[in-house]
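Asks: We have chain A already, so just place chain B on it with the hints.
Line order of the protein sequences matches chains A and B.
Quick note: the UniProt record's numbering has the first sequence finishing at residue 415, numbered continuously throughout.
Quick note: the UniProt record's numbering has the second sequence finishing at residue 324, numbered continuously throughout.
Worth flagging that the hints you see were computed from the coordinates, not collected in a lab.
Note that the structure is a prediction, hence the values are computed from the model and not measured.
Each residue gets a CB set at the ideal place from its N, CA and C atoms; glycine is no exception.
A couple of the hints might just be wrong.
Listed next, with one range per pair, are the computed distances between beta-carbon atoms [said to hold, decoys possible]: (1) A:348 x B:83: 52 to 58 Å; (2) B:312 x A:217: 44 to 50 Å; (3) A:108 x B:289: 19 to 25 Å.
Straight-line distance between alpha carbons at most 25 Å, and here's what the computed DSS-like set of lysine-lysine pairs gives [to be verified]: (4) B:100 x A:244; (5) A:314 x A:121; (6) A:395 x B:100; (7) A:335 x A:50; (8) A:68 x A:314; (9) A:254 x A:239; (10) A:60 x A:50; (11) A:254 x A:244; (12) B:91 x A:218.
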Amino acid sequence: MNRAATTAAVAVTLAAALTLTACGGSSGSQASADSKQTLSVWAMGTEGEKLADVAKVYEKANPNITVKVTPIGWDVAHQKLVAAAAAGKLPDVMQMGGSYMTEFADMGALEPVDTKTFQKKDFFPAGWQQGEYKGETYGVPWYVDTRVLFYRTDLAQKAGVDKAPATMAELQQAAEKYQEKADTKWGLSIQPGGLDTVQSFYQFLYSAGGEIVSKDGKAVANSPAAVKALENYGSYFKKGLSEKSVRPGYDVTKDFNNGSVPMFFGGPWIMGLIDENYPDLKGKWAVANVPADETSASMAGGSALTISADSEHKAAAEEFIKYLTDAKGQADWYKRTKDLPANVNAWETGELATDPNMQIWKTQMESAKVSPAQPKWTEITSKIDSAIEKVVQGKASAQSALDAAQGDIEGLVAK
Amino acid sequence: MSTTTPTPARSGAVKAPGGAPDGPGGRRRKRSMGKQNLAGWLFSTPFLVLFGVFMLFPIVATLLMSFTDFGQRHVRRPLEAEFVGFDNYVKLFGDEQFLKALFNTAYFVVVGVPLTIGLGLLVAILLNNGIDRARTFFRVGFYAPVVTTIVAVAIVWRFVLDPSDGLIAGLGAELGFTAPDFLGSETWAMPSLIAMAVWRNLGTVMVLMIAGLQAIPAEVREAARLDGANAWQELRRITVPLLRPTLLYTTVITTIGYLNVFEEPFVMTQGGPSDATLTVSLDMYKQGFSFFNMGYASAMAYVLFVVIMAITVLQLRLMKDNTK
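Okay, chain A solo, but in the shape it has when bound (with noise of 0.2 Å):
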């Protein structure tokens, strides 16, 4: 009786078990296009919360479809999408940004993209390249992002800094000036360390001509161009015109608006960030395109869209989203959050033609670069942070830096 009571527990014990890992898997009849059904949808952030007004409108055009949009946090993105590949529960669409794509690619739990409905002519090369792995392309490109140089107007006249630096040399002499005759606390705030640092230095990398990885799959991480990059970004540290500590969640637009920071590196959305949170900056600023070195040379970001593998309506969540990435969509999508749009096109008209502000980003996401497709890219960067804070903090040369980092990476990079 006692056995048999034991065994009966296991058996519960192992049947729960089971139940927990073996669902999914399943792929079931496809739905087409215009069959009645409800498509989930996953989008992350401020993009979650405004694509349910967008699915309003598409619902309204389109009465067969229901679109269910759950907004889903930056922070907590990444688990939920692992969790629910591993269960076999992922939504039909879904909001993904570069890595993520090689990531889930990789896992094979995305359906590659019909290149002949989604054109790559149609995107900016950067918002196409972040979806291809391993020869096909597995998301639409939704929105772009890059980073572009935010510079206090006032501030450099009283400086004596007549315009926008062109070139990296210029940048050290702009932040120099700032620092000496503007009395500015910094002359440029880039991070010194920690988890994503890799992001402020991606522009001092791309602009020397030097990369992580290369497009063949090579770790590259210590190149000469990488090492004359990193001394570059050291030099600010050690000449006592960044700050060497910045504490978490620090936000560069409060000192920005104080005038002790200048200068800094930011996104599309530190524009609307100072308009409604600093309405008196208002012409005291500008954007300008990355200083120069070999060339000028941004990173690549934003989100793609993309169908799950293991979708049933597959038909209609391609319908779905050509509604959201062609140019009429697109404009619309501008006009609501102000994220860059991927769809060339849609730069042709309106505020996005016009705005010279606009046209600096425009330029700077055409010669933008996408990081490499590997599998293991947080990782790999994760690298190159702790060897930017080790020549930041002045425990190490560049070049030593870089050639620990060089080793590690070759050890993470996809065969």
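Replies: Same frame as chain A, now just chain B:
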């Protein structure tokens, strides 16, 4: 407790011989025993299922995983993960970051545990003897951090430690010294986190110690005083020895908690600067959930488990009450 616990045991013992003679044969007794067993198993099913699903299964799965190269690409195809033997464990002890995390955790425990226990004892004694007025106020004051969420605590502490406009920096400016950049400096980041952890865990230790202090019979103290013991002698010869069980319990619990330290560095520094506050749990979290090297992270979990086990056994041995 000691007077009440034997009662049910004794009544059970009485019942058993009483039940034996009225059964005509062994069979009936066996069956009723079986029924009782079944009822017992049925009653414990809710626990067994929950324990099995949420504890036993993950524990076993983690152990198995620690011998595989389970990573991101195996999420949808778990059976494709390859068995790699002790590779993960071998790699761990050549991993500079992990060794640093081990060192940091040891630092945290070696400094943090004695401080927490010492201060907890001090506060408990003060509250038990010295302070008569506003006793509740102080008790609540010391216990409040225990029940406050870490996120709120982190916001307050970050403000306190902020190098430019924080509380300590402000005080420093008034008094004419410059406060270091606590969370930004490799030397100060860990002590700052330890101070925060001590403050956060003091309350628990204090409550347990007060309970322990109140259990010390007044006669013993009286006798000591009559014999001419001063306050220090009373503390050393009476209070501490009689508090031994409480001290043992709080030390073991605090040590286990501190060996697992995760929240403080996670919310305050993310392990930085330059991994100065990277603890084993945080390293494990990063490997497991940021990079998805589940096999590797599982191996870390088991190393930490063995360390905790060893230290706890050692503490129980060393601090065992030998007088009984």
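Asks: If a hint holds in the structure, say so; if it doesn't, say that too.
Replies: Status of each hint after checking the structure:
The supplied range of 52 to 58 Å is met by residue 348 of chain A and residue 83 of chain B, whose beta-carbon atoms lie about 57 Å from each other. In this structure the supplied range 44 to 50 Å holds for residue 312 of chain B paired with residue 217 of chain A, their Cβ-Cβ distance being about 47 Å. Hint check: residue 108 of chain A to residue 289 of chain B, Cβ distance near 21 Å, so the stated range 19 to 25 Å holds. A hinted pair counts as satisfied when its Cα atoms are at most 25 Å apart, and residue 100 of chain B with residue 244 of chain A qualifies at roughly 22 Å.
Restraint check: the Cα-Cα separation between residue 314 of chain A and residue 121 of chain A comes to about 23 Å, which is no more than 25 Å; the hinted pair holds. With a C-alpha separation of about 16 Å, the suggested pair residue 395 of chain A and residue 100 of chain B falls inside the 25 Å cut-off, and the hint holds. About 11 Å separates the Cα atoms of residue 335 of chain A and residue 50 of chain A, which keeps this hinted pair within 25 Å; it holds. Taking the CA atoms of residue 68 of chain A and residue 314 of chain A, the gap is about 15 Å. The hint holds against a cut of 25 Å.
For the proposed pair residue 254 of chain A and residue 239 of chain A, the alpha carbon gap of about 23 Å is at most 25 Å, so the pair holds. A C-alpha spacing of about 17 Å is found between residue 60 of chain A and residue 50 of chain A, which places the hinted pair at or below 25 Å, so the restraint holds. With a C-alpha separation of about 18 Å, the suggested pair residue 254 of chain A and residue 244 of chain A falls inside the 25 Å cut-off, and the hint holds. A C-alpha spacing of about 23 Å is found between residue 91 of chain B and residue 218 of chain A, which places the hinted pair at or below 25 Å, so the restraint holds.
Comparing the model with each earlier hint shows no violations; every hint is respected.
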